[in-house]
Amino acid sequence: MSFFTSIRSAVSALLQRSSVDKEMEEEVRSHIEHRADDLVRSGIAPAEAKRRARVEFGGRAHYKQEMHEAMGAHFLDTFMGDLRMSMRALIKSPGFTWVAILTLALGIGANAVVFSILNAFILRPLNLPGAESLYTVERGQDRSPMQSYADYLDLRDRNRSFDGMAAYEISPAGLDTGGNPAPSWLYETSGNYFDVLGVQPYLGRFFHPSDEHGYNSVPYIVLSYSYWQSRFQANPAAVGSTVLVNKHPFTVLGVAPPGFYGSELFYAPQFWAPIVDQEQIEGWNGLKSRGNRGIWLIGRLKAGVTPAQATADMQSIAATLGASYPKEDGQISFSLARPGFAGDMLGGPVRAFVTALMLLAGLILLAACANLGSLFAARAADRSREIALRLALGSSRRRVLRQLLTEAVMISLTGGVAGIAGAAVLLRALSTWQPVPNFPVNLPVNPDATVYAVALLLAFASGLLFGIVPIRQVLRANPYQIVKAGATGVAGRRFAFRDVLLVVQIVVCAVLVTSSMVAVRGLIHSLHSNFGFQPENAMLVDTDLTMAGYNDGRSPAMQKRIVDAMEAVPGATAVGLVDRAPLALGWSTNVVFDDNATDFSMSKAAAEPLMYRVSPGYLKAAGTALLAGRMFTLHDDEKAPKVAIVNRQFARILFHSDSNAVGRFYRTIDGSRVQVIGLVEDGKYKTLTEDQEAAVFVPMLQSPTSATWIVVRSNRDPQQFGPAMEAALHHLDPGLPFTMRTWTKELDSALFASRVATVALGILGGLGAMLAITGIFGMASYSVSKRLRELGIRIALGAQRREVLQAALGRPLRLLLLGSAAGLLLGLAATRVLAYIVYQATPRDPVVLVGVVLAMLVLGLAATWLPAMRALHADPIMLLREE
Amino acid sequence: MTDQAQLIPGTLDLLILKAVSLGPLHGYGVLLRIGQISGSTLLIEQGALYPALFRLVRQGFLEAQWGESENNRRAKFYELTDEGRKRLGEQTEGWNRLVGAMSSVLNAQPEPRPEEI
Chain A
1 MSFFTSIRSA VSALLQRSSV DKEMEEEVRS HIEHRADDLV RSGIAPAEAK RRARVEFGGR
61 AHYKQEMHEA MGAHFLDTFM GDLRMSMRAL IKSPGFTWVA ILTLALGIGA NAVVFSILNA
121 FILRPLNLPG AESLYTVERG QDRSPMQSYA DYLDLRDRNR SFDGMAAYEI SPAGLDTGGN
181 PAPSWLYETS GNYFDVLGVQ PYLGRFFHPS DEHGYNSVPY IVLSYSYWQS RFQANPAAVG
241 STVLVNKHPF TVLGVAPPGF YGSELFYAPQ FWAPIVDQEQ IEGWNGLKSR GNRGIWLIGR
301 LKAGVTPAQA TADMQSIAAT LGASYPKEDG QISFSLARPG FAGDMLGGPV RAFVTALMLL
361 AGLILLAACA NLGSLFAARA ADRSREIALR LALGSSRRRV LRQLLTEAVM ISLTGGVAGI
421 AGAAVLLRAL STWQPVPNFP VNLPVNPDAT VYAVALLLAF ASGLLFGIVP IRQVLRANPY
481 QIVKAGATGV AGRRFAFRDV LLVVQIVVCA VLVTSSMVAV RGLIHSLHSN FGFQPENAML
541 VDTDLTMAGY NDGRSPAMQK RIVDAMEAVP GATAVGLVDR APLALGWSTN VVFDDNATDF
601 SMSKAAAEPL MYRVSPGYLK AAGTALLAGR MFTLHDDEKA PKVAIVNRQF ARILFHSDSN
661 AVGRFYRTID GSRVQVIGLV EDGKYKTLTE DQEAAVFVPM LQSPTSATWI VVRSNRDPQQ
721 FGPAMEAALH HLDPGLPFTM RTWTKELDSA LFASRVATVA LGILGGLGAM LAITGIFGMA
781 SYSVSKRLRE LGIRIALGAQ RREVLQAALG RPLRLLLLGS AAGLLLGLAA TRVLAYIVYQ
841 ATPRDPVVLV GVVLAMLVLG LAATWLPAMR ALHADPIMLL REE
Chain B
1 MTDQAQLIPG TLDLLILKAV SLGPLHGYGV LLRIGQISGS TLLIEQGALY PALFRLVRQG
61 FLEAQWGESE NNRRAKFYEL TDEGRKRLGE QTEGWNRLVG AMSSVLNAQP EPRPEEI
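Sequence order for the protein chains is A and B. Straight run, no breaks: the first sequence in my numbering ends on number 883. Straight run, no breaks: the second sequence in my numbering ends on number 117.
Pulled out of the complex, with its shape left as it was, chain B reads as follows:
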C-alpha cells in the first residue's frame, strides 16, 4: 500500500464535497468514488468519513436523506446544498492557489549567492 498517500489534515471535507457534487451518494459510495477518482491513491479510514459527513451536514453544506441503495439496502444519501456548492468553489480555488504556491516554492532552484559575485 505504499502507493497510497496519507491525507493532509483538513482536506477530507473538500474531497467529500467534490465527491458528492458529482451526484448524491451514501457514505460507502463517497468512499468508493474518492477511491475511484483518485485511482485509489488516497487512503481514508472508513470510520473517519462519518464525523466529517455529520460536520458538513451541521454546517449546512450537505443534506442527508434515507433511501434505497443499488444493493437494495437502506442507506443515508448525501447531497450538496447551494451553500455547499459555493463552498466547494471557494475551497477548490483556495486549494489550487495553495498548490500553485507550494509547487513553485518546492520547485525553486538555488540562486547564486551574492557574496560570490
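If we strip away everything but chain A, and leave its shape as in the complex, we get:
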C-alpha cells in the first residue's frame, strides 16, 4: 500500500468511526427510551423514568469503548499503536536509528540535488507560457545556433510552420542613469521577441514589431525585474525615464515580470533592447551582412505542426537561400533543437553530464538502500528473540511485519525530510552562484513541487525496499526454537543477498572515488597546462570603447592613449591590447584562403582560424612565446602592407609545415594578401578540452575594433597594482565603464565546466565513501556480534589475534576487496566519458590507481576498526554468563 492510500484509509477510518459512533449513540438512546417507556407504564413520572433508565444503563462511554473494541480494532488505532511501538523501538537503539537516518538523508539529499538540476535543465521547459512549442533554430551539419539577421528575416517571413520567430543576441553595454556608467548585460532582440515568448510586462509596456522603422529607430529598453529592483530601487518612475546605453539615449519602456529571464536558461540579462539598434549598442551594425552570423533564433510552432514538418518547411527555404546567395548560404540547412542552452551547443554536453550525474546519484541511493537493508536485516537478527517472543505470545506474523515496516517507513521519511532540507539549502546556494566573473549567470535550480514529490517518493520507496529485507527472516522464524536456543543457530549460505548488495555498494563507491580522483587530477593538470599565454602576474581590463561613445574612427587614438597611460603606471612591465582574451567567453573566427586561391566562396576556404586583433605589445604582455619572425610594431598600420602572426597549427594547415611559415602569404575573403611575419606557440582559445585550433593575430591598427581588453603584466601585487591602474584609467576618461581582474581569475569561466564536474564528482565520491563505510561497518559488526560467543570461546582456548580477526572480519574484507577491484575497473572505463569535460582526464595515471587503492584500504580499515576491537576484546567469561 502506498503512503498516500494508507493515509486515505486512515482518514476514511476516522470518518467511518464517527458514523459508527453516531449509530451506537442512537442505539443506546433507543434502549433508554424503551426502558423509560416501560418505567412510565409502571407508573413513574416521565422525567423521573428517563433519569432512572439512564442510570440503569450504566457508564455509556465505557460501554461505547467496549463496543468499538468488540467491532475489532480499527486501522488507525493499530496504526497509531505501530507508530508508538516503532518510536519506542527506535529510541531504544539510537545508534542504529542515527546511522540509518543519516545514510538515507545522504542518499535522498544527493538525489534531490541532482534531480533538481535535471528538472531545471532538462525536464522543465523554459519558464514561459506554452514553452513546449518553442524551439531553437540551428544551422548546418554541426548544428550551430548562430544565424545571420538577413537569413532570420527570410525564415521569419517565408515559413508556414511558426506562429512567430524571434531573434536575439547576448551582449554587454554600459548603462548610465546619470553620471554613473556601469557595465551591464542585455539581450538585443527583434521587435516581436516578447510577443513570441508570450510574456506580459510587469510595468509599462514592451516594444513590438510596430515600433521598428529601420536601424537605430527604436530608442526603448525593457528592464528585468531584478535590475529594476537593484539599479532603480524598484522606483515605478523609472518607467518613462531616459538612460544612456553606450552614450545613446534610450527610454525605459517597461519592466519584465519577476522570474522572466528571457529565452536562455543559463543567463539572466539586466535589460532588453531592440536588435535594430545594434549599431548604437555595439558600435557597429552586424545585421547588414548575410555572412555575419551572431544571432540566435527561437520560434513558436503553430498548433498541430510537428517539428519534422517545420524542419522540412525550413529546408525548402534553405534551398532557396542557397540558390539566391551561393556565396554566403550555399549548403545551408536548418534544424530544430530544444531551447534553453544555446540549442545543442551547450545543451548536448549539459544534458549528457546531468544524466550521468543522475545515474550516479541513483547508484548512491541504491547503495544507501543496500546499506539500510543490511542494517535492518542485522537488526532483525538481533531482535529475533524479541520477535519470537511476540509470536509465541500470540502476536500475528502480519502484525510483527507491519510494525517492522512502520519502523522502516518512519526512518525513511525522517531521512527523506532531512535529505530534502539539506538539498534545499545547497540548491539555494547554487541558484545564487556566480561562477563566471562579470557575467550574470542564472541557474534556476530551486526545488519545486516535483522535486519534493520525487524525493519523498524515493524515500518512501527505498523505505519499503529495505524494510522488506528482513521479512523472510521473520516469516521463517520458528519462535519456539529461537526462544529456547537463542539466535545463534543460523549458519547461513556462503553468499547471502546482503553480501551481493554490499559488493554492489562497494563497487559504486569505488567507481565514484575513481572518477572523482581522475577529475581532480585533470583539474590540477589543466591549471598547470600550457594555455599559450601566461595568466600569472597579469591583470585584465575588459572594456568596450563604444560604451564611452568612441566610434571606430576615434578608437585607435584612444587605444594608444590607454597603452601609454598603462605603461606609465609604476610596476607595469608590458602592456598590450586584444579585442577578446582567449579562453574568455566567446571568440571570433575568420575564413582564410590559400595564396593561389581564385574562388573566394566559404566552401573553398583553406581554414577558419580564430582571429585576435592585437596591439603591438599584446604578445609580450600575454607571455605568448614568439618562435620565429618578428612582433608587430606601430608601423604596421593601415598604410602599411597587411601582416599577421600565426600559431603553429595555422602554419601546419596552410603551409603544411611550421618551419617555413614566416614570409609566406595567405588571402582573406575579400581577396587581399596578408603576409605572415611571425610564428607563435600553440595555445588554448575556446575551451580547455578543444582539439588544437588554428589562430591568427592581426594588428589592431589594420583592423580597428572598439572591443578592448587591456593586458598589463606587472611584478607588483595585484592588490596595490589594480587600484593604480584603475586610477590611471579613470583619469583618462571618467565615463569609460570597465571591469578589472587578474587573468587567473578570468580563467574561472574556462575552468567552469571541469570545476563543476570535479566538485560534483567529489561530493558524490564523498557520499559514496561514507555509505561504503557504514555498509562495511554494519556488515562487520553484524558478523562480529553474531559470532561473539564463538570468538570468546576461541580466545579462551588460546586463539591468536590474527585468527580471531580472520574469523570475524574475513568475509567483509573479502567482499571489500572484490568490490573495490570491480569498481576500479568500471571507474576506469567510466572516466573515458569524463575526458570530454575535464581537460586531460586520463585513467591511466599511476597516482589515480594508487590513490583509489589507498582510499579503499583506508575506508575498509576505518569501517572495520570498531568491530575488530570488539572481536578482540570478547570476554569469554562475560559472554558465557550472559547466556
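None of these hints come from the bench; they were simulated from the model. Take these hints with a grain of salt, some might be off.
Chain A is faced by these chain B residues, among others (derived, beta-carbon under 10 Å) [to be verified]:
1) G27
2) G29
3) L42
4) Q46
5) A48
6) Y50
7) A52
8) R55
9) A64
10) S69
11) K76
12) W95
For every residue, glycine included, the Cβ atom is placed at its ideal position computed from N, Cα and C.
Fit chain B to the supplied structure of chain A, relying on the hints for placement.
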C-alpha cells in the same frame, strides 16, 4: 435482589443467541426476554449487553437491521444467522455437557478411605 444470580463469564453470548433464536429482537428486547425466560434470576447490566451484541455481529452469528419497535420507536433488530444457529447448537451441547459434569462432580459423595478397610 438476592435471588438474582451473577452471570458466569462467557455465558452472556450464549444467552443472547438463545434469546434471539426465538425471534428477532432489539437490544432492550433481548434484555427483557432473558429476564422473562429466566424468571428474572439472571442479572445483566444493561450497558454490557451491547459490546456482546456487536461482537456477535462481527463474528457473523447475528445480523442487525434498523426498524420500528412495538412502541413506535426506531430500534436496531438482531436476528440469528445460519452460522449463529449452528453456534447456538454447539454451545448448548457443550454447556449441557459441562453442567452435567459439574453437577455430577458437585453431587459426589465421599467414598470410604482405603486405609480404613
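Holds or violated: is there a CB of chain A closer than 10 Å to the CB of B:G29? Interface hint status for B:G29: holds (8 Å vs cutoff 10 Å).
Holds or violated: the hint that B:A64 contacts chain A, with Cβ atoms closer than 10 Å. holds, 9 Å
Restraint satisfaction for B:L42 [CB to CB of chain A, less than 10 Å]: Check failed: Cβ of B:L42 comes no nearer than 16 Å to chain A, outside 10 Å.
If you take the shortest Cβ to Cβ gap from B:S69 to chain A, is it below 10 Å? holds, 7 Å
Against chain A, with CB atoms and a cut of 10 Å, does the hint on B:W95 hold up? violated, 22 Å
Just to be careful: measuring from the Cβ of B:Y50 to every Cβ in chain A, is the smallest value less than 10 Å? holds, 5 Å
Just to be careful: measuring from the Cβ of B:R55 to every Cβ in chain A, is the smallest value less than 10 Å? holds, 4 Å
Taking the closest Cβ pair, is B:Q46 under 10 Å from chain A? This hint holds: B:Q46 lies near chain A, its Cβ roughly 5 Å from the closest one there, short of 10 Å.
Please check whether B:K76 passes as an interface residue: C-beta within 10 Å of a C-beta belonging to chain A. Constraint on B:K76 satisfied, holds at 5 Å.
Quick check on B:A52 please, does its C-beta sit within 10 Å of some C-beta on chain A? holds, 7 Å
When the least beta-carbon distance from B:A48 to chain A is tested against 10 Å, hint result: With Cβ-Cβ at 7 Å, under 10 Å, it holds.
Could you check if B:G27 really has its C-beta closer than 10 Å to a C-beta on chain A? holds, 5 Å
Hints 3, 12 from the list above are not met by this structure, while the remaining hints are.
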